[in-house]
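Chemist: Sequence:
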Amino acid sequence: MEAVMALCHFCEQHGPSVMFTCEKVLNQCKQYTNTPDIPSEGKDFEPTHGNATPIDSHHPPLSMRKTDLCQACRSLPESDKGFISCDDENGMNFISTQHPHNPEVFRLVRQACVRSLSCEVCPGREGPIMFGDDKHGYVISYTFYVQDNLARGLKRWYSIICIMTDRVFLIQSWPFLVGCIQKIIKYMQRCADAIYKIESSEAPQYRSKYTPRSGHVVTPHNFRQHRGDNSNARALIQLTGNPDLYPYLHTAFTWVMQACRKRFKEKIVEGPKLDDEISDSDQYSVRTRLETPANLASPNSSGGNPIFKSLRHMREVMQPHWFKAIAWHLLIGNQVVWKGDDKELITSALNVLKDLLPHGCVKLLTNSDQYVNCSKANLLGLTEAAIIPALNVRCSENFILVETVRKNHPKSNQLYPSLEPGNIMNGVEFKVTNRCVIPEKGPEILNKLEVAIANISLSAEVVKHCLICMKEEWMNKAKILYKFTMVDNRDKEDTNWLIHECLQCGDDDLRLLTFWLTALTPQFKEDMRKSILLPE
Numbered sequence: 001m002e003a004v005m006a007l008c009h010f011c012e013q014h015g016p017s018v019m020f021t022c023e024k025v026l027n028q029c030k031q032y033t034n035t036p037d038i039p040s041e042g043k044d045f046e047p048t049h050g051n052a053t054p055i056d057s058h059h060p061p062l063s064m065r066k067t068d069l070c071q072a073c074r075s076l077p078e079s080d081k082g083f084i085s086c087d088d089e090n091g092m093n094f095i096s097t098q099h100p101h102n103p104e105v106f107r108l109v110r111q112a113c114v115r116s117l118s119c120e121v122c123p124g125r126e127g128p129i130m131f132g133d134d135k136h137g138y139v140i141s142y143t144f145y146v147q148d149n150l151a152r153g154l155k156r157w158y159s160i161i162c163i164m165t166d167r168v169f170l171i172q173s174w175p176f177l178v179g180c181i182q183k184i185i186k187y188m189q190r191c192a193d194a195i196y197k198i199e200s201s202e203a204p205q206y207r208s209k210y211t212p213r214s215g216h217v218v219t220p221h222n223f224r225q226h227r228g229d230n231s232n233a234r235a236l237i238q239l240t241g242n243p244d245l246y247p248y249l250h251t252a253f254t255w256v257m258q259a260c261r262k263r264f265k266e267k268i269v270e271g272p273k274l275d276d277e278i279s280d281s282d283q284y285s286v287r288t289r290l291e292t293p294a295n296l297a298s299p300n301s302s303g304g305n306p307i308f309k310s311l312r313h314m315r316e317v318m319q320p321h322w323f324k325a326i327a328w329h330l331l332i333g334n335q336v337v338w339k340g341d342d343k344e345l346i347t348s349a350l351n352v353l354k355d356l357l358p359h360g361c362v363k364l365l366t367n368s369d370q371y372v373n374c375s376k377a378n379l380l381g382l383t384e385a386a387i388i389p390a391l392n393v394r395c396s397e398n399f400i401l402v403e404t405v406r407k408n409h410p411k412s413n414q415l416y417p418s419l420e421p422g423n424i425m426n427g428v429e430f431k432v433t434n435r436c437v438i439p440e441k442g443p444e445i446l447n448k449l450e451v452a453i454a455n456i457s458l459s460a461e462v463v464k465h466c467l468i469c470m471k472e473e474w475m476n477k478a479k480i481l482y483k484f485t486m487v488d489n490r491d492k493e494d495t496n497w498l499i500h501e502c503l504q505c506g507d508d509d510l511r512l513l514t515f516w517l518t519a520l521t522p523q524f525k526e527d528m529r530k531s532i533l534l535p536e
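Take 1 as the starting number for the sequence shown in the UniProt record's numbering and just add one per residue.
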């Protein structure tokens, strides 16, 4: 079912009644005049009378008997079948009648009418409310009153309802629909207020009409006769003084239903840039802008055809416990050094490992003949001839060394045991030097990464995106920590509460966050510093 809009009234004689409906149906004719073009979404909604073509007499009669309707319940005379507007562009008709032609639609509208004027009202009674279910459709109902000198309490209650079967679409359209319905209601109330003021100047005359005569006293014997007395019932056209009210409502309802559907268009929405993308586009790191030796690789250098194809491949080749040791050192800011003559192998290993870090934390140097400390390269590739200082490096806990050699190398018997035959890395042996005890738990991001890598049902592409999401999560935590400690200057007690209670970080997680603070861009830090100067 397409959307249906209806005007409902609480009649003093008949209770809740449907007065005027506008429904959207498939276009089956071309001879009717179209409504004016729909204004753009950005324009204010001001419905005009427009071109509304009356329905010819060959259309089916209304399902409800005219004898059941009093003046207050009836919108159109029997000779007037209603209005129709054609939307040839979309192949739709908008038909306005007293009641819907389709019995099933009439049932839904009738039920929504009763609920909107009885039990489903907002606090204060006047205003919008939404109700419904999958079986009976979902409804936005706006209840309002129109002043009438002859009505009980000098008010007559009405509601405008919009019925759809698509709950999500109706909820998304709430601001638009409620805003349009409010303008329609205000227009009718302005017209009725003007008539009410004129009639109020003749108050004695209208009061005498309303005061029942002695012969009209309600008794058990004349209750049925008195119930049918609708001498005080007046049509909405009389209350507003607008004979063109229903052509206006047809045009307004038609515009609202057309514009509501056209407001939503499918489009691709891109999220904010990742921190790594910001670092690349802004040329974040000063070191990437300096003149450096040719063997200083940027974080995005490809390194040719890699021998290590992915983190999962490296974990299989290096064995899980050594892969975890290398990743642990790298994530918390220690130096990872690969040494050997196989330049292609070492370059591929470093390029795979750099994906574990935000780009702002990566300092990558390959094929170097000289050792440099961690402040210059935390991912370092050395040639076989390079000399590593024994005292300050090999005995350090902030350092891990991986030496590679082919099997036919004269020192092959001193290196890490070879891989199983048939492995794609067969022929290469590794020796890992690590002076630090790797904690069993480690950072949370490393534990989650190992679970993802070990899950063979996840493709390499899925693992890659998992890692991107995890890095973004921990970069956000690093931003919170920076704001808390460096900008707000909180004391140690508050900082510990933030780290352990809010961020749920352990000791290794804290070491990771402290290192990852170096990846924050200067622009972010500047924005944070400026934020404390802005007035609240």
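Read the hints as simulated data drawn from the structure, not as lab findings. Being a predicted model, the structure only gives us computed values, none of them experimental. One or more of the hints may lead you astray.
Label pairs and their computed distance ranges (CB to CB) [as the list claims (entries may be wrong)]:
#  : residue 1 : residue 2 : range
1  : A460      : C502      : 30 to 36 Å
2  : S375      : G179      : 42 to 48 Å
3  : F131      : N489      : 48 to 54 Å
4  : Q182      : D491      : 23 to 29 Å
5  : I480      : H136      : 46 to 52 Å
6  : E344      : S375      : 23 to 29 Å
7  : E126      : K525      : 26 to 32 Å
8  : C502      : Q370      : 41 to 47 Å
9  : A235      : E126      : 17 to 23 Å
10 : E493      : A390      : 39 to 45 Å
The beta-carbon is built from N, C-alpha and C at its ideal position, and this holds for glycine as well.
Chemist: All hints, please: hold or fail.
Modeler: Consistency of the hints with the structure:
1. In this structure, A460 and C502 meet the distance hint of 30 to 36 Å, their C-beta atoms being roughly 34 Å apart.
2. For S375 and G179, the Cβ-Cβ distance of about 60 Å falls outside the hinted range of 42 to 48 Å, so the restraint is violated.
3. Against the hinted window of 48 to 54 Å, the Cβ-Cβ separation of F131 and N489 comes to about 52 Å, which satisfies the hint.
4. Evaluation of the 23 to 29 Å hint for Q182 and D491 yields a failure: the beta carbon distance comes to about 52 Å.
5. Against the hinted window of 46 to 52 Å, the Cβ-Cβ separation of I480 and H136 comes to about 47 Å, which satisfies the hint.
6. Taken as a hint, the range 23 to 29 Å holds for the pair E344 and S375, whose Cβ atoms sit roughly 27 Å apart.
7. Taking 26 to 32 Å as the suggested C-beta distance range, the pair E126 and K525 does not conform, at roughly 52 Å.
8. With their beta carbons about 44 Å apart, C502 and Q370 fall inside the hinted range of 41 to 47 Å.
9. For the hinted restraint 17 to 23 Å between A235 and E126, the CB-CB distance of approximately 22 Å keeps it satisfied.
10. A C-beta distance of roughly 43 Å is found between E493 and A390, which places it inside the suggested range of 39 to 45 Å.
Comparing the model with each earlier hint shows violations of hints 2, 4, 7; every other hint is respected.
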